[in-house]
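Model the placement of chains F, B and P on the given structure of chain Y, informed by the hints.
Protein chains: 4
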Amino acid sequence: MLNEVKSLNEECGVFGVWGAENANYLTYLGLHSLQHRGQEGAGIVANDGKRLRTYRNLGLLTQVFSKPEFLNSLVGNSAIGHVRYSTAGENKIENVQPLLFDFTDSQIALAHNGNLTNAITLKKELEEKGHIFKSSSDSEVLVHLIKVSNAPTLHEKIIEALNKIQGGFAYLLLTKDALIVALDSHGFRPLSIGKLSNGGFVVASETCALDAVGASLVRNVQPGELITISDSGMEIDHWTNKTQLAICSMEFIYFARPDSDILGINVHSARKRMGANLAKEAPADGDIVVGVPNSSLSAASGYAEEIGLPYEMGLIKNQHMGREFIQPTKELREKSVRQKLAAVKGVVRGKRVILVDDSIVRGTTCAYIVQLLRDAGAVEVHLRIASPRFMHPCFYGIDIQEKSELIAAHKSIPEMNQMFGSDSLEFLSEDGLISAIGLNADAPYSGLDMSYFNGDYPTYLYDYESKK
Amino acid sequence: MLNEVKSLNEECGVFGVWGAENANYLTYLGLHSLQHRGQEGAGIVANDGKRLRTYRNLGLLTQVFSKPEFLNSLVGNSAIGHVRYSTAGENKIENVQPLLFDFTDSQIALAHNGNLTNAITLKKELEEKGHIFKSSSDSEVLVHLIKVSNAPTLHEKIIEALNKIQGGFAYLLLTKDALIVALDSHGFRPLSIGKLSNGGFVVASETCALDAVGASLVRNVQPGELITISDSGMEIDHWTNKTQLAICSMEFIYFARPDSDILGINVHSARKRMGANLAKEAPADGDIVVGVPNSSLSAASGYAEEIGLPYEMGLIKNQHMGREFIQPTKELREKSVRQKLAAVKGVVRGKRVILVDDSIVRGTTCAYIVQLLRDAGAVEVHLRIASPRFMHPCFYGIDIQEKSELIAAHKSIPEMNQMFGSDSLEFLSEDGLISAIGLNADAPYSGLDMSYFNGDYPTYLYDYESKK
Amino acid sequence: MLNEVKSLNEECGVFGVWGAENANYLTYLGLHSLQHRGQEGAGIVANDGKRLRTYRNLGLLTQVFSKPEFLNSLVGNSAIGHVRYSTAGENKIENVQPLLFDFTDSQIALAHNGNLTNAITLKKELEEKGHIFKSSSDSEVLVHLIKVSNAPTLHEKIIEALNKIQGGFAYLLLTKDALIVALDSHGFRPLSIGKLSNGGFVVASETCALDAVGASLVRNVQPGELITISDSGMEIDHWTNKTQLAICSMEFIYFARPDSDILGINVHSARKRMGANLAKEAPADGDIVVGVPNSSLSAASGYAEEIGLPYEMGLIKNQHMGREFIQPTKELREKSVRQKLAAVKGVVRGKRVILVDDSIVRGTTCAYIVQLLRDAGAVEVHLRIASPRFMHPCFYGIDIQEKSELIAAHKSIPEMNQMFGSDSLEFLSEDGLISAIGLNADAPYSGLDMSYFNGDYPTYLYDYESKK
Amino acid sequence: MLNEVKSLNEECGVFGVWGAENANYLTYLGLHSLQHRGQEGAGIVANDGKRLRTYRNLGLLTQVFSKPEFLNSLVGNSAIGHVRYSTAGENKIENVQPLLFDFTDSQIALAHNGNLTNAITLKKELEEKGHIFKSSSDSEVLVHLIKVSNAPTLHEKIIEALNKIQGGFAYLLLTKDALIVALDSHGFRPLSIGKLSNGGFVVASETCALDAVGASLVRNVQPGELITISDSGMEIDHWTNKTQLAICSMEFIYFARPDSDILGINVHSARKRMGANLAKEAPADGDIVVGVPNSSLSAASGYAEEIGLPYEMGLIKNQHMGREFIQPTKELREKSVRQKLAAVKGVVRGKRVILVDDSIVRGTTCAYIVQLLRDAGAVEVHLRIASPRFMHPCFYGIDIQEKSELIAAHKSIPEMNQMFGSDSLEFLSEDGLISAIGLNADAPYSGLDMSYFNGDYPTYLYDYESKK
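Protein chains in written order, with the UniProt record's numbering: chain Y, 1 to 468; chain F, 1 to 468; chain B, 1 to 468; chain P, 1 to 468.
A couple of the hints might just be wrong.
[Claimed, not checked] Here are the simulated BS3-like cross-link-like pairs (lysine-lysine), alpha carbons at most 30 Å apart as the crow flies:
hint, chain 1, residue 1, chain 2, residue 2
1, B, 67, P, 467
2, P, 92, P, 467
3, B, 50, F, 467
4, P, 92, Y, 92
5, F, 67, F, 92
6, F, 124, F, 92
[Claimed, not checked] Restraint-style ranges between C-beta atoms, simulated for each label pair:
hint, chain 1, residue 1, chain 2, residue 2, range
7, B, 231, P, 391, 50 to 58 Å
8, P, 404, B, 349, 40 to 48 Å
9, Y, 235, F, 281, 55 to 63 Å
10, P, 319, B, 231, 36 to 44 Å
11, B, 129, F, 281, 57 to 65 Å
12, F, 320, B, 164, 57 to 65 Å
13, B, 230, P, 409, 51 to 59 Å
14, F, 402, P, 319, 51 to 59 Å
Keep in mind the hints are simulated off the structure, nothing from the lab.
A virtual CB, placed ideally from N, CA and C, is assigned to each residue, including glycine.
Next up, chain Y with everything else stripped away, as it sits in the complex:
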């Protein structure tokens, strides 16, 4: 479904490199392939062994680095970068990462994907001790905890600090000496390490970013790992041994790029299997199968193949849609929405359409798309959702934190079917989703975080416990 419309946003993508000329440009390339994970801000910190330098700003990566000199100024053989989503209206460059901390005698930079569930409590405690935070993001807490630790080495300080924070996190830390990688104890967010042909290392939220810089996969970071990459190579340690895999199922359903492999499973293929399972569970009597571009195309083709109906391009997304698009007058607003997504009349006219969408969050556009197809001449529209009903908010790194925003939490399937104007509506089952992904880890739900669908959160929620 349309990113802008679904309003379901990943908090970030992270990328790091150690031991490569043009670390700045490699990070730029890596972040570019992670742009789908965050489109509101971007930044890079580079390290030349003596000094860390940064450039960051609000906007898309290519907008932030609108002049080559911005990128060229970031010299050195290692770097970390970040693309970020931030809620609209918060015009705060302070929150754009990586955050770079200049201490009198040293520097440390930080890039974070995830959400800490006890950050508010920790921040209050630190403020009471006189600490001042430079950003309003939860990410910064980690550095304050490192700073106040009395442990003798940076490595031990970091372990002490990581053991105080809760929730979901994939952290990249950069000092002049090392690139440090840490994943939370459930592995909520994907994180992979690759190797360049010259021997240098890269770390990225998704494997598509390894491909983008020509790196080959070395290791998917495991829950609880603390990995240090330096000129001495890669050292794998653990900051905790109490781990249990519970990776975000929405990464497979919606967020990740189809060409990424998460824990060895290709995302496009998993989505195709979701579509196929959905076809088995909830077949519909139709003439053609249509997916909502672009995120639902894999599931739709899987559905079509399984049910033996033609997979058709019944909807088309305008590739030139951008933020610069002029907002119309009220009366013309409906015409403006048509610019984003158009029905293909020549395809759907007179047809019974099986419309496959990857998920329903707020449900605000379902009725619109069904009507679009009817206006274009579809005689029936059967809506099939390639994931279970999304009924519980997320506290590990997705920006849906209010149950009230989730339509499936408040409406029954028949009620939603009526609201959307569809002829029928069905969702994929939880088991159908789990088997489609096929992670098969020795953990609840085969290693998936399924709390979106069943409210079974893998952790205590601390500051958010009351929001459950």
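Relative to chain Y, chains F, B and P alone:
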């Protein structure tokens, strides 16, 4: 295939509206859905019944109209607009259309899609009489011819002028009194007229633009027609009766948006049939069918359906690629190209891939894509092209005018197969293309211009005759 | 007085160079020092002996050439450039000069300072022959006349064309072979030729531009001259022998830069003498003399010196005022105007101020400035104007063409004194102006165009005769 | 002298308003008139009684607030703003003020003009306690000290914090309840409070900003004062009683705007008296007196009046010079410098010029200007400096902190005279400066900080003691 890479560019898209409040904004919406037809310049001329006003510049539509005031200044109930391709390096705003001519006692604006084959000759003749041209485009010749005509009315002057020009043209002219539409005698370029719910008229290069503004199709403009839309309604006339349909086959194969209907035929469906015909003519022994995104996806799905193999997302296009992307150093260039198009390792690894592309023009990226798939683990790559061998340049509105640029004009299929590194290579036949489109007009090649493939140009080529 | 406020605008500045590496950059420097003559648009055409290339746009020179590549693309050893004033709201890049004409077999570029009085008539005649104009400026007429001439050589064609146009003009024409300079038969606009140390030639509206590029003055172009600069050197010819000097007096009073010499007379010194003559003619009983920055400071210091009173900085202009300044709400508008010009309380408090302004055109700001001084504590304000009453419009290159806009044409001195709230008001006499400038040419008014003050236009006004 | 050339930069200007609609716009106007105090960054924090909001960026004020929405978003009846100088190359938005601190339960914003002499020591101490600084500026230390104070009220916390910092400071602090103003114990920087006609208060670095918003002067803030402005009115308190006035003499000589009054003394008038005293102390045998625009014009006119010679515009500054000016090639650099400043040939030719400059810091441009005048024909150039020899760096808010940068610290007057190529060179005496300013306070040097000239620093220098 990638627009940037194929270097095969439509010269323009045109859009006009008469009799609607917000004519400026409707034209903006219409042009936005025609952006794929030209990305180098855009402009609008609006008419409030007293005066014509214009705003135009180099760049994408949303870049040109970067501030709402640029659009808001274009007041009136009628307007014409244009999106344009122009060769790189020619930083000439003078050539961005619509061209607006301010005579001492009147104004006329012009938007043109096509290419005149005798413009050089006509321009020389006019210059010898002392005429001065404001643009270096051929489009302007028409207005000079109108201006020198001694016919008593504008209508007759236009008819006289149209009878002097040769080649391909879909012209929109705007005066304070009327919106005038003219199509060449072979109908090389598509052009359709629609009606708004309020009774106003719109004209557009493709029907997707009618959909974009909520207009319903009234008429596909026919070869030789001269249509005048004014407050008195729509009057259909002919500037010539010597007509014979020969619409550009590349519109169906590559240029037009899949949701457009050309002369009643849906473009996506036609492409799917091209893929199906290709599967019948040139089946391949493979495991999966992969299309080059985005233009070849329809053909690929048709091929897959016909041959009974899975249609897979084996290649993915980065949606955030833009012109602002920083050019890398030489050594990193290859990594930069990967940003545009990536192979989906998890899909193609270990597979025999049937790769469907819509056409081969210069052939510069075929080898690259085949290698991309092999690097991702494909064990075989069978290349199937859903159109015949492109061997002859175009002189009616596409920017390929040199035979030397066309690889199929110089290399045999086995030679190309070797160059591209594919395991096999096959093209769709001319008959396969003609039947897939299914135009069935009472004209050579069922009404298609097939000269790209067979050199059988529907007209004498005048200034270009020597380039045949 | 404030440029923005006086709304009295020079139509342009021109600059040309022949025979110098970096002709583009020299032209940029030259135009930069002529920026005061036109701030709405700028452009350069460069010639590398084979081809003429141009870049131009709306805005200040530094805004137009906002990226070095715009300037760098203009290669060659010769160039002409132009800075332009255009009426607000006319967002027309078409009118920005130099105009470059691409004929099929040649190119010619044109930069013009002045105004043709029979352009409307000539344009109509040419349009009736089918000619189409690319700009709405009068400047373009010359090239059409050259184009239709049947004379055998370009030189003779130009002479024929120049003899058809009337009014004020300083023309620079550039072809691949020569830089051609022409001045009207009265020399309404200043134009000087200089020599670079390398032997190359430069031409400029004012000598400050010669200084800016390190050139030494060779010749002030004389009325009726047609000068051709080429690789063979400089050839001086005449296009007419019926000449009589009548240079614009407002160049001395207001337009030109104080460091320029016009026909050998330094502008600052002339203004100082205007102030001194004004003190003799119209002494006032005051404590201090204050000039309106920046244009009246010379005259004010001359007045102070002559009368023996302190010359004080009683008003100050904000140097950081720019177009980007945000327009305030209505209630705050008055505070916004204070940003442009401020009274220096510490200087004027308790003082009888003699306020010297160079001229009064519309009179819109006089009352405001007098009030500003009173608010700051001035006990008396005696307004002294260092030029005669401006009562007649200009048709030779200044944008005041309506008598109704000129306050002195409609109000007596006592009426104006009351309107402005000043304690007394006096103007310099015509003789006082003529003697201050000291041109002493053998022509009426010593060679000055005094028509602003006495309506005695040196020529018949053709298209404007009725506006006298 | 030219700001860019002298490289002597004020660190900032501050402005605050309490109790006025459009506080955002008033702050914008106020900062605009303080733009000469800092041109590298600008920002505003506004307070609507519930929340503080900020917008800030690198660049000139009008560049930072390039879109009205940036300013409009800053709602509320109170605000503080800041314009800042920062060393070139440090592309750090983090240092642009006002700094806004978001604590979990409150917010505080800070704007600072000055320099703390013990900030490095304090910062180290705080970092050792785990504190993290968001900027690299010294200004931030104050908030950390407030934050760690155990005093019961914010007022007392601030007093405690102020008593720990040393050096020069004019601080504005904004909370949702009050605007707090603090000046160091020597009053190194000027700071004035005004009243709006509606009863609201404004605070500004210079009185020209009060004039800019139509406020009347209420009070010049005194050394050691801590003033709280809230809805209950203005309360004047002291954070220390150990005070002694030592206001920066360079504010009078160079920094402040001529229309400002500092401690009741008009800056232009003081400069004029410096020129007059200089004429008495060091008359020269010349024909005309010329000032270096713009900062030395007042002194030059005072010199001319006193000595009875004509004050002439012998040098002119290009008003359209901006940062956008394209950097030339090496060979053309000299021509580029001419763009900033030009000699008026018509004025200086054949003349013995007495050239008055306000001060000599690095001395880098003196030789250039003398040569400029000689090239323009001056027969003698007598250089007169309207302040004493600048031999000691500043640690209270000016960016000259290295003795090695100061030419007068290393060269004798005859040596400098030879270096500059002038015919004679004289400086104003210390007594001449003190009497010209005429502050007459009961403190050393009549209340002026004269350490630039005599090294007699009014305070111990802490972190900078070794640099004396």
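Tested hints:
1. Only pairs whose Cα atoms come within 30 Å are accepted, and residue 67 of chain B paired with residue 467 of chain P is rejected, the gap being roughly 42 Å.
2. As the CA atoms of residue 92 of chain P and residue 467 of chain P are separated by approximately 26 Å, the hinted pair is consistent with the 30 Å bound.
3. A hinted pair counts as satisfied when its Cα atoms are at most 30 Å apart, and residue 50 of chain B with residue 467 of chain F qualifies at roughly 26 Å.
4. Note on residue 92 of chain P and residue 92 of chain Y: the hinted pairing holds, with a Cα-Cα distance of about 15 Å set against a maximum of 30 Å.
5. Distance hint between residue 67 of chain F and residue 92 of chain F is fulfilled; the C-alpha atoms sit about 21 Å from each other, no more than 30 Å.
6. Of the supplied pair hints, the one linking residue 124 of chain F and residue 92 of chain F holds, its CA atoms being roughly 21 Å apart against a limit of 30 Å.
7. Separation of residue 231 of chain B from residue 391 of chain P is about 56 Å and conforms to the stated range, judged on CB atoms against 50 to 58 Å.
8. Checked against the given bound of 40 to 48 Å, the beta carbons of residue 404 of chain P and residue 349 of chain B, roughly 44 Å apart, stay inside it.
9. About 58 Å separates the C-beta atoms of residue 235 of chain Y and residue 281 of chain F, a value consistent with the hinted range of 55 to 63 Å.
10. One distance hint, 36 to 44 Å for the beta-carbon pair residue 319 of chain P and residue 231 of chain B, holds here, with the actual separation near 37 Å.
11. As the Cβ distance of residue 129 of chain B to residue 281 of chain F is approximately 60 Å, the hint placing it in 57 to 65 Å holds.
12. The hinted window of 57 to 65 Å between residue 320 of chain F and residue 164 of chain B holds, with their beta carbons roughly 58 Å apart.
13. Between residue 230 of chain B and residue 409 of chain P the CB atoms are about 56 Å apart, so this pair conforms to the stated range of 51 to 59 Å.
14. Between residue 402 of chain F and residue 319 of chain P the CB atoms are about 52 Å apart, so this pair conforms to the stated range of 51 to 59 Å.
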